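Novice: Going down the list, the protein sequences come from chains D, A, G and C.
In terms of the numbering used here, the first sequence is residues 1 to 325.
In terms of the numbering used here, the second sequence is residues 1 to 325.
In terms of the numbering used here, the third sequence is residues 1 to 361.
In terms of the numbering used here, the fourth sequence is residues 1 to 361.
Just so you know, these hints were derived from the structure itself, not from any lab.
All values derive from a computational prediction rather than experimental measurement.
Any given hint could turn out to be false.
Below, in silico cross-link-like pairs of lysine-lysine (PhoX-like), each with a Cα-Cα straight-line distance of 20 angstroms or less [as the list claims (entries may be wrong)]:
| id | chain 1 | residue 1 | chain 2 | residue 2 |
| --- | --- | --- | --- | --- |
| 1 | G | K10 | D | K106 |
| 2 | G | K10 | C | K5 |
| 3 | A | K106 | C | K124 |
| 4 | A | K197 | A | K244 |
| 5 | D | K50 | D | K12 |
| 6 | C | K10 | G | K5 |
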Amino acid sequence: MALMTILDAVNKTLDEQMSLDEKVVSFGEDAGFEGGVFRATKGLQQKYGKGRSFDTPLAESAIIGGAVGMAVNGLKPVAEIQFSGFVFPAFNQIVTHVARYRNRTKGTYNLPMVIRMPYGGGIRALEHHSESIESLFAHIPGLKVVIPSTPYDTKGLLTAAIKDPDPVIFFEPKRIYRAFKQEVPETEYQVPIGKAKVVKEGKDITVVAWGALVRETEKAIKLLEKENISVELIDLRTIQPYDKETITESVKKTGRFLVVHEAYKSYGPGAELISMVNEKAFLHLEAPPTRLTGFDATIPLPKGEHHFIISPNRIASEIKKVVNF
Amino acid sequence: MALMTILDAVNKTLDEQMSLDEKVVSFGEDAGFEGGVFRATKGLQQKYGKGRSFDTPLAESAIIGGAVGMAVNGLKPVAEIQFSGFVFPAFNQIVTHVARYRNRTKGTYNLPMVIRMPYGGGIRALEHHSESIESLFAHIPGLKVVIPSTPYDTKGLLTAAIKDPDPVIFFEPKRIYRAFKQEVPETEYQVPIGKAKVVKEGKDITVVAWGALVRETEKAIKLLEKENISVELIDLRTIQPYDKETITESVKKTGRFLVVHEAYKSYGPGAELISMVNEKAFLHLEAPPTRLTGFDATIPLPKGEHHFIISPNRIASEIKKVVNF
Amino acid sequence: MLIKKFDPLKKKILEVLDYKGNIVDEKLEPKINDETLIKMYKTMLLGRVADTKALQYQRQGRMLTYAPIKGQEAAQVGVIAALEKDDWMVPAFREMAGMLYKGADLKQLFLYWYGNEEGNKFSKDLKILPISVPIASQINHAAGVAYASKLQELNEVTVAYVGDGGTSHGEFHEGVNFAATNALPLIVIIQNNQWAISTPRSVQTIAETLAQKAVAYGIPGIQVDGNDPLAMYIATKEAKERALKGDGPTIIEALTYRLGPHTTSDDPTIYRSDEELKYWEERDPLIRFKKYMIDKGLWSEELEEKQIEENNNYVNKTFKEVEGTGLIDLDEVFKYNYEIMHKDLEDQINDYKEFLESEGK
Amino acid sequence: MLIKKFDPLKKKILEVLDYKGNIVDEKLEPKINDETLIKMYKTMLLGRVADTKALQYQRQGRMLTYAPIKGQEAAQVGVIAALEKDDWMVPAFREMAGMLYKGADLKQLFLYWYGNEEGNKFSKDLKILPISVPIASQINHAAGVAYASKLQELNEVTVAYVGDGGTSHGEFHEGVNFAATNALPLIVIIQNNQWAISTPRSVQTIAETLAQKAVAYGIPGIQVDGNDPLAMYIATKEAKERALKGDGPTIIEALTYRLGPHTTSDDPTIYRSDEELKYWEERDPLIRFKKYMIDKGLWSEELEEKQIEENNNYVNKTFKEVEGTGLIDLDEVFKYNYEIMHKDLEDQINDYKEFLESEGK
Ligand SMILES: Cc1ncc(C[n+]2csc(CCOP(=O)(O)OP(=O)(O)O)c2C)c(N)n1
Ligand SMILES: Cc1ncc(C[n+]2csc(CCOP(=O)(O)OP(=O)(O)O)c2C)c(N)n1
Ligand SMILES: [Mg+2]
Ligand SMILES: [Mg+2]
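One chain only, chain D, in its complex shape:
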């Protein structure tokens, strides 16, 4: 075991997988020599050579389209997109090819590839560096979408993603890249894709969150303990295909549901969870399943971003609303 941040966990996982499997390659803009703008791939080129860890030209379609070809021809590419806001030039490759190659070839060519991207707000960054765009990918059949919230899960989920025979979009919550450390095994283990985690059991309401907002919700729960509100917190971990069972069971128990996310509200990820809860647990609902989300508005530059931060207080306030409905 070793104490690691989420960022350390990404780096150590890549290192471990590259040492265990010579088919694993890692690349992206600035992801080779200097190890990426966040240093997530630091040291890999020095250790595994320029063939397996490399800098690409500034061209996201080439990064993702190139990964498709590599996967077809025997490699296991782990492509880094520098920030999730810059994945859009590769959206064509992801939607029309990455998601479809297995189906298109009836299983002849599957794509065991991972697309890693830092995502999410709260770091006072330039334009396009703060968005949460998971639902755009979660809507596309053929993709898996994963978001860890702890160093332990990061290593376990990224390991699972690299070993997955299907393409995985791996969003890394950059706001908490270095926020805290956790004991993480230094040998290989997996956290299964598709399984949510009950972070804390409770009986009054089910709250689902992921990424950086899991910790914020934990803080909210602390605030509510004094008020004797017992919250069951679920970390979704995989956005698609997601764990309906764990959520449904919980809602059947609590009768109330809140989903908290940074992404825009309209046509956002929360809508999916609420619909699912309706489908699976309608008769157990004692209050409208509710979403606390980002606004339907472009995330402002840093001097306005504080309005967009979903604070523990705000989560607590929303939980109370649902509980007191």
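With chain D fixed as given, assemble chains A, G and C with the ligands onto it according to the hints.
Specialist: Relative to chain D, chains A, G and C with the ligands alone:
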């Protein structure tokens, strides 16, 4: 008045707007000389010249990014994407610029532009020619997303879109491009963006649909009349920002809700409507608000596509399920 | 080095056979063995017959949208004939003759245009990637395949196809550049058939040649008479040599022409002239190659007649088989979205099956 | 025609001043009036001072992420000085000196890096488009602006900036080609500052120059010493003339160097050598232009000292004003998503305001 198909209505609207406003320009791949692969822009180049109606190189980023620049410098571009499946190379332009230019410049540069695309399945076409991807755009603040279902609405909504000071994504249901004719005024009129239409009043259930599925739902309603099930049918028409009031009022009356769409289920447009109904009319719900949608699977080539067609019978069956819950 | 000699910036075009089938420069004539030459010609002929019939089937309402190859057989077969079994072929979508030469089954090729994914399920040892509809995006895949060849030290090259229209696309730019910077074993064949649907080559770019786009990537580009299978063959051979030596990618612009419509949904009479068509019909690759084959004593009118009849029968029989496949089973269309289907999709399918049962289906 | 004479394929580089400030070829020296020369130099100097201070403010935690321009002042000012008021400037994101010359307020430029959209709200008559973070995508906007100029018969050109890294992007390819095929009045300035964050120019492309990418589009490209404001000026003038005559776009590759970090988040010592830095520090555009100005009798050490002090005060005062702006009001951040805010967003904001009130805020 003149009898028109949806396709005629698109063509006549462009013609009318180009004749009324010399700032309106129309372009895209094959959209100039031959008038587009569906002939939606037929005759415009001959009438308004190569400057205002033109063929572009095969390059969607240039089409949409070019439109941004044109709009900045005084034009009102109406860009055609040949099929909605080929909009993804331009997704970067749409998400990072089209949706944001007004906000980025605090209102200095708004983008009065329209992006037209034929969309949807059921025409036994090649890969990427059958998808319904409206929710990907509806999730992005700054965009408006419109889908007409009749020739009359097509002309009124496209006119409104061209006159709108904000960018509008205009999806054309190609399956019914030529399916039927309707009397349409030959002078300018608008159908307001953001307003749904109650196609048929009813009291047992509210059904929301758009595009080609409005007609299919009308057929389903006919089937149900014998069984004495009274359906209120709402044509959403604008996907974002959408008309919550009309839907809410209807659900408060009927107590039951079904949304029908071709798009993939998970994280799809139906989820949004269901969540909204929960938020606005929870206490009126007598059954779980339900969605009948495309599968979470890549749409097959034509010999498998029949499994994906949402038929009137299937809609009727789903309506009955919700009504009998 | 042909590539040095035939500099597109100097308006040089590589040709071996003129349009009547006479050798332009004997020093350029490749030493291809008779068996290969016959295979090349026969494949072109089969491609032609299959193409003609596919159009007929479509007009009879038996085939779906189909993208004809007529006129482009040499640009396809000349290239693939220069490859080994281990080399990869990354098609755009209009490469039926090339795929046939690489070993694909006509039945499978027809199945694609018949609307069945089976048509893209090429057995792995063929090393043919599926048809790629989003224009030019396959160039990036080809670069990735070539990257993997190089990293794994596999002695193989990748040939990627793209159209004249495709060269305007950002994906073309990024893919070729990626291959160039990594000195990947890639050959990019631009089938410049003069049109992208109704859009003429002149609207795609004002560059005088497409081959000169190579200058942007610091790699060689060459313009070749794409209706001359021998010229395409020698250009590919040389590009392949460079690739295997580690010298990186080459762009080959094949000057050719689409004699048919863009697809069966297209009406080319709207946008192109009879004169243009006639000009190119005279330059039909089959005419000149047949002459060459007859001159070589490898072919004759009798053989031609026999072969065409054989092809007719074979194509008809094959298409009957294709029609025999009919619609695709429900379970089959859902099976390949993931290795293991997720529970919710299973539920969706079961709901649908229940509905079908309720309908008595 | 400079463009003919300085063919990048022949490794010709246009320069007027050598790196010490001596005139290389008197025939090339442009006749710029004194006032303009002084404005050019003063703007470069102000850019330098503002840049130095922005970095300091950032290290003091007072400024957010900032992208330094140090070393690239000539490539920016030399270009904009060759334009008229009516011409458009389409920046990437590292063009502060160019924007200053075009008339932008330093306060506004700082506001951007301070994290306030106000920094992108250039008054319309400045004809400066907002900073574009998605690399190379602005080239397409510039082409569109130029299309509108041409269609509306406006006597104006558009200058678009892009980095060396940006030339690898598909958006660059599509935008330049679109402009070329329509013969648009566009000038594309590639600020080749040798690095894209930590990625050297050699990883972006193996083409020997970036200017030669013009060959792909059938347009002229020229490599210019980008640290020489006079060379940049004359190249731009000629490109502008071509553009206004209807001859279409020109690519100008400015050979320059980013003397600072990529942004304040970047540590260039990881990836670049002291020697390289030293080499380029000697080629600092300010050194040579100052020498030229002194030789011309337009500048002196005394003036320099005075100007720097003035700049220091001005920049400090300006940044104080910037800091005075503080956080942005709630209503302000929502106002500009649509012309008319939609009801649901209004509701969302009201809900949030209720929460704030409940918090006693
Ligand atoms: C990205 C994208 N945009 C548009 C289309 C629609 N489309 C299909 S084929 C075609 C023209 C292709 O022209 P070219 O590359 O010259 O190939 P050709 O058809 O001549 O073989 C177009 C525009 C597409 N398939 N992909
Ligand atoms: C499409 C896109 N991908 C990645 C980034 C992240 N990024 C910001 S600046 C930069 C390097 C740009 O290099 P260059 O074009 O040479 O401009 P320079 O920074 O040298 O001025 C990168 C990769 C981005 N902004 N946009
Ligand atoms: Mg073509
Ligand atoms: Mg640079």
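Novice: Determine for every hint whether it applies to the structure shown.
Specialist: Consistency of the hints with the structure:
1. A distance of roughly 47 angstroms separates the Cα atoms of K10 (chain G) and K106 (chain D); the hinted pair therefore is violated under the 20 angstroms criterion.
2. About 18 angstroms separates the Cα atoms of K10 (chain G) and K5 (chain C), which keeps this hinted pair within 20 angstroms; it holds.
3. Restraint check for K106 (chain A) and K124 (chain C): satisfied, since their Cα atoms lie roughly 12 angstroms apart, inside the 20 angstroms limit.
4. This hinted pair checks out: K197 (chain A) and K244 (chain A) have alpha carbons roughly 12 angstroms apart, not beyond 20 angstroms.
5. Straight-line distance between C-alpha atoms of K50 (chain D) and K12 (chain D) comes to about 18 angstroms, which keeps the hinted pair within the 20 angstroms bound.
6. This hinted pair checks out: K10 (chain C) and K5 (chain G) have alpha carbons roughly 18 angstroms apart, not beyond 20 angstroms.
Going down the numbered hints, you'll see the structure goes against just number 1.
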